[in-house]
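Participant: One line per chain: the protein sequences are R and L, in this order.
Counting from 1 along the first sequence, just add 403 to a position and that's the residue number in the numbering used here.
Counting from 1 along the second sequence, just add 403 to a position and that's the residue number in the numbering used here.
Don't read these hints as lab results, they were simulated from the structure.
Honestly, I wouldn't trust all of these hints.
Same chains, same names: a pair is fine if it fits in one copy or spans any two.
Straight-line alpha carbon distances no greater than 16 Å define the calculated EDC-like cross-link-like pairs of lysine to aspartate or glutamate that follow [what the hints assert, rightly or not]:
(1) Lys453 with Glu419
(2) Lys588 with Asp553
(3) Lys442 with Glu585
(4) Lys588 with Glu487
(5) Lys442 with Glu540
(6) Lys525 with Asp578
(7) Lys484 with Glu540
(8) Lys502 with Asp424
(9) Lys588 with Glu419
(10) Lys425 with Asp499
(11) Lys425 with Glu518
Protein chains: 2
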Amino acid sequence: MSKSSNTKRAILNLAEALMQDKGFNGFSYAHIASELGVKNAAIHYHFPSKEALGGAVVQRYRDRFQLWVNNPSVKDLPPVKKLEWFFGIYSDMRADKGKVCLAGSLETEFNVIPESLRAQTKALTNELLSWLAATLEEGRRAGVFHFTGDPTRKASLILSSLQGGLQLARALGTDMFHAVVEQHKQDLLV
Amino acid sequence: MSKSSNTKRAILNLAEALMQDKGFNGFSYAHIASELGVKNAAIHYHFPSKEALGGAVVQRYRDRFQLWVNNPSVKDLPPVKKLEWFFGIYSDMRADKGKVCLAGSLETEFNVIPESLRAQTKALTNELLSWLAATLEEGRRAGVFHFTGDPTRKASLILSSLQGGLQLARALGTDMFHAVVEQHKQDLLV
DNA sequence: TTGGCAATTTACTAACTAGTAAGTAAAATA
DNA sequence: TATTTTACTTACTAGTTAGTAAATTGCCAA
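Turn these sequences into a full structure, and let the hints guide you.
Facilitator: Here you go:
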């Protein structure tokens, strides 16, 4: 059982990395199998279909995010630090072989992924946006963030630019991504 | 020759739409062939490889953008109107069956497209960013845009959020995209 | 020690992929 | 009118895809 859990987790880890690197339709069972040194039927044992594998990846990603934001080490942070933590997630993705945001990757492939994955993508995106909007509102009430209009509107701008920024950085380099983050900090804090 | 041009142009048009809808690896020669009522060998006659087809699509897209921005009807516009024109391009994509930006689509698939397409993607992205940065700088000098820091930095924020906003809208709806555009207008003009 | 279960491999399939070679009908050219 | 070129079609290939059924291995409990 412990060995099976290892394989299953290894498959999930690799599938997640591949989705952020090549997209859901950009990798195959053969990629995973050869990388892990197993046969592709082994993957089908743990995940009956590619749709199920993709769904499990997004579900785990969502669970992890909820675990983080509900953990005191993030939850009890002041708004500025919360936002820096959030930006840090994306900076880490960029540093990790130029990965892009899982939500952005799935949205780009939205019209060529199974329906259940589209639903997962919507749920994930909603969760990211809700947390960000709440954090922005908290910071504005505390007088540390400065912006006009609905917090959800500002949150959608920030989230979309982080997603887009990771993609832009693939074409124009990491500096482009950091420029996005720095510009946001200036816009919000000044 | 006129008939050939028609087929060739129809292939390019459809390939461009498919790349913005499903991504470069999300469509096949069979899609194009059946839609146009020709055999897939006919596509290979006009474009020897899928790589060549994709390259031609991006090249035409780049040429079209340069033609637009150098045309007096855009070039002689005041900065605010120029920016509105630019935003309008993206709004039109969203309205056209939820297409995403070609550059964003290719960047997401960056690690699973041929090298020549990566080069085309870089060139396209550079051209979009340069024009936007120049327009922002022009507007700031004219006193109509208000932002701090390097214009290229602000341009990378706006471009990445437009790209990301079109993707976000697939998951959360068109309102999300318009929220991004409206927030930018407020941030810049107030 | 034996029966059973979990995890895996072997061996396969059907569908789809881009790409090719050879042939054809019609139009342009000489 | 003869020849060449353009714009295709027919018919095919080799490789890849997700997915499946059946056999096999290794551990664990009765």
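Participant: If a hint holds in the structure, say so; if it doesn't, say that too.
Facilitator: Taking the hints in turn, this is what the structure says about them:
1. Lys453 with Glu419: within (12 Å within a copy, 28 Å between copies)
2. Lys588 with Asp553: Answer is between: at 14 Å across copies they meet the 16 Å cutoff, but 18 Å inside does not.
3. Lys442 with Glu585: Neither. Shortest intra-copy (46 Å) and inter-copy (51 Å) distances fail the 16 Å Cα cut-off.
4. Lys588 with Glu487: Within. Shortest intra-copy distance 9 Å satisfies the 16 Å Cα cut-off; inter-copy 25 Å does not.
5. Lys442 with Glu540: This pair counts as neither: shortest intra-copy Cα distance 50 Å, inter-copy 56 Å.
6. Lys525 with Asp578: Close across copies (14 Å), not inside one copy (29 Å); limit 16 Å.
7. Lys484 with Glu540: For Lys484 and Glu540, only the intra-copy Cα distance (14 Å) is at most 16 Å; the inter-copy one is 31 Å.
8. Lys502 with Asp424: within (5 Å within a copy, 22 Å between copies)
9. Lys588 with Glu419: neither (29 Å within a copy, 36 Å between copies)
10. Lys425 with Asp499: Within one copy, since 13 Å is at most 16 Å while 26 Å is not.
11. Lys425 with Glu518: between (20 Å within a copy, 14 Å between copies)
The structure fails to meet hints 3, 5, 9 from the earlier list, while all remaining hints are met.
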